[in-house]
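Given the sequences, and given the hints that come with them, work out the whole structure.
Order-wise, the sequence lines are chains A and B. Per this note's numbering, the first sequence starts with residue 1, numbered consecutively. Per this note's numbering, the second sequence starts with residue 1, numbered consecutively.
Honestly, the hints are just simulated from the structure, not real lab data. Hints should not be assumed to be uniformly reliable.
Said to hold, decoys possible - Here are the simulated BS3-like cross-link-like pairs (lysine-lysine), alpha carbons at most 27 Å apart as the crow flies:
1) A:Lys81 - B:Lys6
2) A:Lys100 - B:Lys6
3) B:Lys6 - A:Lys26
4) A:Lys81 - A:Lys95
5) B:Lys37 - A:Lys27
6) A:Lys81 - B:Lys107
7) A:Lys100 - B:Lys37
Here is how the chains run, residue by residue.
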Amino acid sequence: MANQVGARFAALADPTRRVVFERLAKKALSVGELAATLPVSRPAVSQHLKVLKDAGLVTDEADGTRRVYRVNPRAIEAMRKYLDRFWDHALAAFKAAVEKEMDS
Amino acid sequence: MMTIRKQLTIEAPVERAFRVFTDNMSAWWPKTHHIGKAAMRECLIEPRVNGRWYEVGEDGSTCEWGKVLAWEPPRRLVLAWQLNAEFKYDPDLITEVEVRFSVLGPKRTQVDFEHRDLERFGAAAEPLSKQMDEGWGQIIQSFAQTAAG
Numbered sequence: 001m002a003n004q005v006g007a008r009f010a011a012l013a014d015p016t017r018r019v020v021f022e023r024l025a026k027k028a029l030s031v032g033e034l035a036a037t038l039p040v041s042r043p044a045v046s047q048h049l050k051v052l053k054d055a056g057l058v059t060d061e062a063d064g065t066r067r068v069y070r071v072n073p074r075a076i077e078a079m080r081k082y083l084d085r086f087w088d089h090a091l092a093a094f095k096a097a098v099e100k101e102m103d104s
Numbered sequence: 001m002m003t004i005r006k007q008l009t010i011e012a013p014v015e016r017a018f019r020v021f022t023d024n025m026s027a028w029w030p031k032t033h034h035i036g037k038a039a040m041r042e043c044l045i046e047p048r049v050n051g052r053w054y055e056v057g058e059d060g061s062t063c064e065w066g067k068v069l070a071w072e073p074p075r076r077l078v079l080a081w082q083l084n085a086e087f088k089y090d091p092d093l094i095t096e097v098e099v100r101f102s103v104l105g106p107k108r109t110q111v112d113f114e115h116r117d118l119e120r121f122g123a124a125a126e127p128l129s130k131q132m133d134e135g136w137g138q139i140i141q142s143f144a145q146t147a148a149g
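Written out as structure tokens, the structure reads:
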């Protein structure tokens, strides 16, 4: 399981592709917007986006005449869920620690 | 923006709640959740803006977790959580943990907790094929499964 996923995430081994992904993690952008801020051609950006999309790391949708790319929210949803459970657990322990100190 | 929010009420004065959260974090932080190779002895917050947030292992080794962004005792604390999706310290990554303490009564405090900017973890999704451990490692596994699903 882990290795299959690792292979999918190998899409991010390419440094330019990683930069593209990091840009999209901050903000949804079109090919043109990405190309304007990167030292690579627009067709190269398109190719990187195709690889990222095939790996399930980004999604795209039409916005008028342009196509906007964003990070696939599922790629971070598990992280959010895990931290959500973790903080429930940690904050309950925090509450118990404060109140225990009150009793003693 | 992707954010986790929690609210809880604590039967204690606001000063005490703030102090236990910051000065006595080791008393309540789940010992299973740390990043050092050695078992965790304690986790510490230096009480000032730009103070370190870090763990100390049983062998005396230290591991950074992040830093203090806002230090306003006893009402507000903002920490930079600088662990990426692989639970490695990354000085270039900042997700914010804000905790607000409000007085509900002389011995009652409301805690509003927020862990925000989680979308920034997206940039750290790369090293999923590495070995997974218990504790923090679980997240990588579920992260990987969801991303693959």
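Checklist entry - Is it true that the CA of Lys81 (chain A) sits at most 27 Å from the CA of Lys6 (chain B)? => result holds (13 Å)
Checklist entry - Within 27 Å, alpha carbon to alpha carbon, are Lys100 (chain A) and Lys37 (chain B)? => result violated (30 Å)
Checklist entry - Is it true that the CA of Lys81 (chain A) sits at most 27 Å from the CA of Lys95 (chain A)? => result Holds - the C-alpha atoms of Lys95 (chain A) and Lys81 (chain A) are around 21 Å apart, at most 27 Å.
Checklist entry - Going straight from one Cα to the other, do Lys37 (chain B) and Lys27 (chain A) come out at no more than 27 Å? => result violated (35 Å)
Item to check | Pair hint outcome, Lys81 (chain A) versus Lys107 (chain B) [Cα-Cα no greater than 27 Å] | outcome: violated (32 Å)
Next on the checklist: What's the verdict on Lys100 (chain A) and Lys6 (chain B), does the C-alpha distance respect the 27 Å limit or exceed it?
Outcome noted: holds (21 Å)
Item to check | Agreement of Lys6 (chain B) and Lys26 (chain A) with the hint, judged by alpha carbon distance not exceeding 27 Å | outcome: The given pair, whose Cα atoms are some 24 Å apart, holds under the 27 Å limit.
Comparing the model with each earlier hint shows violations of hints 5, 6, 7; every other hint is respected.
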